Structures are given as C-alpha cells and as structure tokens.
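Asks: What follows is the residue order along each chain.
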Amino acid sequence: MKVGLFIPCYINQLYPQVGIASLELLEKLGVDVEYPLGQTCCGQPLGNSGYEDDSKGTCQLFVENFKNYDYIVGPSGSCVYHVKKHFDILEQTEDVKRVRENTYELCQFIYQVLGKTDLGASFPHKVGIHKSCHGLRGLRLGSCSERMDPHFSTEENLLKEVKGLELKTLNRADECCGFGGTFSVFEEAISVKMGKDRIQDHIDSDVEVITGADHSCLMHLEGLINRNKQPLKVMHIAEILNSSI
Amino acid sequence: MAHAEAAAKFNENEAKVNWHDKALWFVRQKRDKQAHKIQGWEQLRDYASALKANVLSNLDNYLVQFEENAKKNGVTVHWAANAEEHNKIVHSILQKHNAKKIVKSKSMLTEECHLNPFLEANDIEVIDTDLGERIVQLAQEPPSHIVLPAIHKTKEEVDELFQEHLGTKPSGGNPEYLTREARKHLRNKFLQADAAITGVNFAVADTGGFVVCTNEGNADMGAHLAKVHIACMGMEKLIPQEKHLGIFLRLLARSATGQPITTYSSYFNKPEEGKEMHIVIVDNGRTEQLSREDFRRSLHCIRCGACMNTCPIYRRSGGHSYDATIPGPIGSILSPGKDLTKHSSLPFASTLCGSCSDVCPVKINIHEQLYKWRQIIVKDVPQPFVKKNIMKAVGSILAKPKTYDFVGKSTRFMLKNTPKSLINSKINTWGHARDLPEVKGDNFEEWYKKKTEK
Ligand code: SF4
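Chains as they are written, first to last, in the UniProt record's numbering: chain U, 1 to 245; chain F, 1 to 454.
Since the hints were made in silico from the structure, they are not lab data. Remember, predicted model here, so these are calculated numbers, not experimental data. Honestly, I wouldn't trust all of these hints.
What the hints assert, rightly or not - In silico SDA-like links for lysine to any residue, alpha-carbon gap of 20 angstroms or less:
| # | chain 1 | residue 1 | chain 2 | residue 2 |
| --- | --- | --- | --- | --- |
| 1 | U | K28 | F | K372 |
| 2 | F | K33 | U | R147 |
| 3 | F | K387 | U | G181 |
| 4 | F | K372 | U | G30 |
| 5 | F | K372 | U | K229 |
| 6 | U | K229 | F | V439 |
| 7 | F | K451 | U | Q17 |
| 8 | U | K56 | F | D435 |
| 9 | F | K372 | U | F186 |
| 10 | F | K400 | U | G57 |
| 11 | U | K56 | F | K402 |
| 12 | U | K229 | F | D435 |
Unchecked claim - Listed next, the stretches of chain U that the computed footprint assigns to chain F, with coverage defined by at least 3 CB atoms under 8 angstroms from CB atoms of chain F:
| # | segment |
| --- | --- |
| 13 | 14-25 |
| 14 | 138-149 |
What the hints assert, rightly or not - Chain F stretches covered by chain U per the calculated footprint, using a threshold of three residues with CB under 8 angstroms from any CB of chain U:
| # | segment |
| --- | --- |
| 15 | 12-25 |
| 16 | 73-82 |
| 17 | 193-200 |
Even glycine gets a Cβ: it sits at the ideal position worked out from N, Cα and C.
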C-alpha cells in the first residue's frame, strides 16, 4: 500500500509543523508514505467562492500528482471533502474517479483504513475538539447533533487513547466556528462573532487546548485567541497524536 | 443592502445578538429532545422526502386530483400564476361579500405576495391574528422568522409597542399581562370580521381537504366565525394521501418548535352550511424553480423553520438581514430563483456547514444548493472587476507549481517582514479582529526536500 501525503496549500505555507506531524505519524504507523513534490491546492477556495470553473487546472494538477497512489491522505477535512465532493467538474476519467474514491482525511484513514486507535501518544492536557463541519457533516467523521444516529466520533476515538489527555465536553458539541473560507473575509462581522462564541464555549468547558482535524478552522480561532490574549492553545490533532513525553 | 452589511449592523449590539442566538438555540435544543423521543426519526425524514419528491414529479396530476375533490366538497378553487393574480382573486372574493374587516392567520404565502398592503390600499382592514405576526404588524415590519415572526423583539420592546398601539399599561414586559391584552384586542377583531384568510400547511390530494397548523387556534377562530374562509396555498403544499399526514404532522411540530404536535392541527374539508370556502393555489415562480434540476428539491420545504434555528449565521444576523420573505438557509436558495441580482449575496451568507441540510425534516440538500447558486451568481451577476480577476489569477497560480511556489514564498516573506500595524489595519479584513498566523522558517515542501535529500 502506497500512500501519497496531501498537504493543503495553507498548511504547507503557514503550518509546516502540521504537515511534519502528519508525515511522522503515518511513518510511525508503518505506512509507506511519500509527499509528491509540486502539489499546490485542492481548488476549494475558488469553488466555494463560485469560481469552480477557474479551478479546473488546479484540480487536474491534483489528480496528476496523486493518481498513482493507493491512498491519498491529508490533514484537512474540508480539502478532502472538496476533492471527494466537487471534483465532478472534471471529466470523470478512471484516474479522477480513483483519486476521489481513495482520498482520506488523516484521522479517518488511521481509524477506518488502518483500523488503529491507540497510537502510543501521550499528552497530559485538557483538550476540547472543534468538530469542523466539512469533516463532520461532509465526510461524516462522526455523528452530528442534528441527526438521530448513535453517537460516534473518529477524533474522539483516537484522542481517548492518548495517555493523560482529558477530553472535555462542550455545551454546543458541533457548532460551526465561522471560518468558511472566503466567508471569513466577506462576512467578517459574523465570522468573528461565531469564532468568539466558539472559543468561549471551550473556555467555559475548562479546555486548555483546542484541537481538530481541520487547521483552517483552527487558524481562524487562533487568530482570535491571540488577538484577544485568551488562555488557550490551538493544535492540530496530528500534532497531539504525534506527541509523546 | 447586502447580507454582510446588514449582519454587521445587527452585530453592533452584541448583547442583543447573544440573546437572539440563545433564544433560537433554545428552540433547536427543544427540537433535538423531541426528535430523539420518536423512534425512526431518520426514517421519517426519508419517507417525507420521498413523498415530496413524488409530489413534485407528479404535481400536475395531484393538483388536478385535489381540485376535483375540493370542488366535490363544495369548495371554490382558484388558480393564480403570480402574486398579483393572487391578490386580485382574494380581493374580488372579498368585494363580492362586501367584506371590509379581515382576520388573517399566519401565512408566508400572503407575505410573499404582499397581500396586506394591497388590501389596505383598497380600504380593507387586515388584522394578523397570530400573536407574533400581530406584533410585527404593529411595528410595521416584516416577520423575521417564518415560525417565530417576532423572535427579534424582546418582551420590553413588545411592551412599548402595545402601549403605543393598544393602550396597555407599562408592565416591564410582563408576558402574561401582554398576552392577555393581546387576546382581548384580537377577540374584538374576530367578532367583527367579515372574512377570514388562512394559509395551508398541507393540502391532501385524495380528499381535497387541507390542514392548517397553529398554536393559538387563531386560524380556527377566524374560519369558524366569519362567513367566508379563503385559504391561500403555494402549489407545492400538496401531499398525496390523507394517511401521509401522520408523517408530516409528526415532523413539522417537532422541527418547528420542539412540540410533539402543534396545538391546533385543523383539517378543513368543506364549508359549513350557509358559508363559503375558497382555495387560491399559487404558482408565483414555483414552476420555474421546479424546472431547475439542481434546485427543485427546495420545493420540498414544509416551512418548519428548523434550518433557521440551527443556522449559526441566521442566529447571529437576524432574519431581516436576509431582506427576503423567507429568510435563512432555505430562503437563500429560494430567493435567488426569484431575483438573482437582488438576492445575490444570500448564497454567500453561509459557511456551508451543512447543519441546515441535516436538520431539515424533508432532507433538502440546502448547503449543496448554496454552493451551486454561487457558481451561477458569479457568472450571471456582474462581479467586482478586481474580485473576478483575482480569482482568475489564483486559479492559474494554483495550477502551476512553480508560480505557486514563488507566490507562496513571497507571501511568507511579506507576512514575516511587514509591520504588524500594517497587517492588522482596517484594509486587511482578516487582520481587523484576528491575528495572522506567525510565519517561521521553511514551508513544508522545503522541509521535506531537505529531509529526503539527506
Ligand atoms: S428547508 Fe427544511 S428545515 Fe428549512 S424550513 Fe423548509 S422544511 Fe424546515
């Protein structure tokens, strides 16, 4: 099994530590993983802004980069969702179909494909999960509070096995943080308000570290936390799962 | 005004936003509890969605069947192609009976057709009898929510409004006192009414009857007291058979207000002796929406309002920010079909979180339709030159690894070296209230290259 590591554009440029943690984690789990050089983006920022037509070249490049891997794994629920959901703008060649089918969010890959939960990590802190919407309601990484399905959560399953980690329950289990890509710029007032409310819920729930499987949401929350000098840290779930003491 | 501006305005009063958000979240939680209580909730949603899909695919037949059966029951059926025709039909029925005082129960369709101002311009008094609707009517505002029309008003605001219009005493917003006064005021209106107008929640094709749901009994009170009952319905309100009511009534009340059943679900079949019953079936853009394959499912809507209560944006921007009869997520996919230019900001008033689609009792894929409208809007509605060209540029940068690499590096260089004061200035919408990420060292690709070269 050969895995291609997909590192979304913003993680590549702004959060290399998340990419590093993802790679190390997969290597630790014995996965034969490679990062195809020359990747850029999944095209989501364009698609969500209404310009999916202008994103065809980007999507095609994605397929070219990853078509020869058995699995494509990336630490970002929303980008993975975009590949799976919106690549129908491309001609559905065998390559395109295979890439869409075999692209996985990192936690989902570890849990569903590798069938592992205990990754040998330890992280003695109080942690709250921000369940990003595209992962939750798009990729169904867990049950969501609107639907009457039995409770489950991929992120929880993995974090529960981390030594010393205390998982906190939030008042609103899966409310959106207000990032939403270009929404965060064009609807600034609401975006900021939603982010503030999301952070407050974590503070009220005695959380020290907010984590999640989508760093774009975390970037938005971190921006607010730093600006307002709040006593919280933000870490991608790969960083927690990869940490040991 | 575009949604973002209106929302920003609403957000100037943060305490009120918090209150609005909590009030609607409270309803959402009530809904969750009720939905958990019945077994097979998801199955019910499947049934309801399939039934609605069936109705939409066979709408012509069901409409004819409904008309036939209603006529047999002694009901007069009218057809209106648009809002104007609807208003004229209602007016002509009222004229025939020389009706001057009308009581109306809640109906989003009559809002959509702007019936009240039309009738008022023709010297007819229309009183909205749903308490929430009456409140917004007194305030001369449109409803801000389809089930909770006055949810944007605090009880203190209602107190002032009643003092001004109903001559009540200052009560500091005492809900019991205010409701009692409203009841007294409305009772007189019911007694004097010449005709009653109601909406329609479900029209049953195989019986020709229809169901109206209210929590205050005001539709019944109006319809039973007045000599003429006019029921106004959008043509998608049909369900095939009477037995299907069991599915829809169970879903509707729980989704709307978190009640097991609406307090009054009244089934109207035929006029009482010596009285008249009319049904006006309205198209007003529905056929056109039906013809748009990507958007036809929006016509499944049973107007429960659950998507509004769950929408994190609606809760923090208020119904009026949508500037449309049907606000919130469902409004944002219905409105562009009516006037693309006027409502072009609505499909963007969402993070595409998908909560609306998962809460919807008839399984409308709202967030997917929002995405689809976005693609249409940037093509059909003139976009700012800069935005359009930036997107084109971004598209071509991301398609070419080398250019992307160069742009990535320069952006990181800029983020590292531009003074904070400039980055966090007003010109940069991101940095206005949020810090930008701190950039250190190599990007991932550079790191990976170094690692693998070793
Ligand atoms: S779209 Fe669905 S949730 Fe929203 S009002 Fe209609 S039926 Fe209710």
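Asks: Would you mind marking each hint as holding or not holding in the structure?
Replies: Checked hints:
With a C-alpha separation of about 41 angstroms, the suggested pair K28 (chain U) and K372 (chain F) falls outside the 20 angstroms cut-off, and the hint is violated. Of the pairs offered as hints, the one joining K33 (chain F) and R147 (chain U) holds, with about 11 angstroms between alpha carbons and a cut-off of 20 angstroms not exceeded. Restraint check for K387 (chain F) and G181 (chain U): satisfied, since their Cα atoms lie roughly 15 angstroms apart, inside the 20 angstroms limit. With a C-alpha separation of about 41 angstroms, the suggested pair K372 (chain F) and G30 (chain U) falls outside the 20 angstroms cut-off, and the hint is violated.
Restraint check for K372 (chain F) and K229 (chain U): the C-alpha separation of about 39 angstroms exceeds 20 angstroms, so the hint is violated. For a cut-off of 20 angstroms, the pair hint linking K229 (chain U) to V439 (chain F) stands: about 19 angstroms separates their Cα positions. Our distance criterion of 20 angstroms between C-alpha atoms is met by K451 (chain F) and Q17 (chain U), whose separation comes to about 14 angstroms. For the proposed pair K56 (chain U) and D435 (chain F), the alpha carbon gap of about 32 angstroms is over 20 angstroms, so the pair is violated.
For the hint linking K372 (chain F) to F186 (chain U), the alpha-carbon distance of about 18 angstroms falls within 20 angstroms, and the restraint holds. A hinted pair counts as satisfied when its Cα atoms are at most 20 angstroms apart, and K400 (chain F) with G57 (chain U) qualifies at roughly 8 angstroms. The hinted pair formed by K56 (chain U) and K402 (chain F) meets the criterion: a straight-line CA distance of about 17 angstroms does not exceed 20 angstroms. Pair hint K229 (chain U) plus D435 (chain F) holds up; C-alpha atoms about 10 angstroms apart against a cutoff of 20 angstroms.
Chain F is given as covering the segment 14-25 of chain U, and this holds because 6 residues of the stretch bring a CB closer than 8 angstroms to a CB of that chain, at least three being needed. Check result for the segment 138-149 of chain U against chain F: holds, 7 residues qualifying (beta carbon to beta carbon below 8 angstroms, three or more required). Proximity of the segment 12-25 of chain F to chain U, defined as three or more residues with a beta carbon under 8 angstroms from a beta carbon of that chain, is established by the 4 residues found. With a cut-off of 8 angstroms between beta carbons, the segment 73-82 of chain F has 0 residues touching chain U; three or more are needed, and the interface restraint is violated.
Only residues whose beta carbon comes within less than 8 angstroms of a beta carbon in chain U count, and the segment 193-200 of chain F has 0; fewer than three means the coverage is violated.
The structure shown violates the earlier hints numbered 1, 4, 5, 8, 16 and 17.
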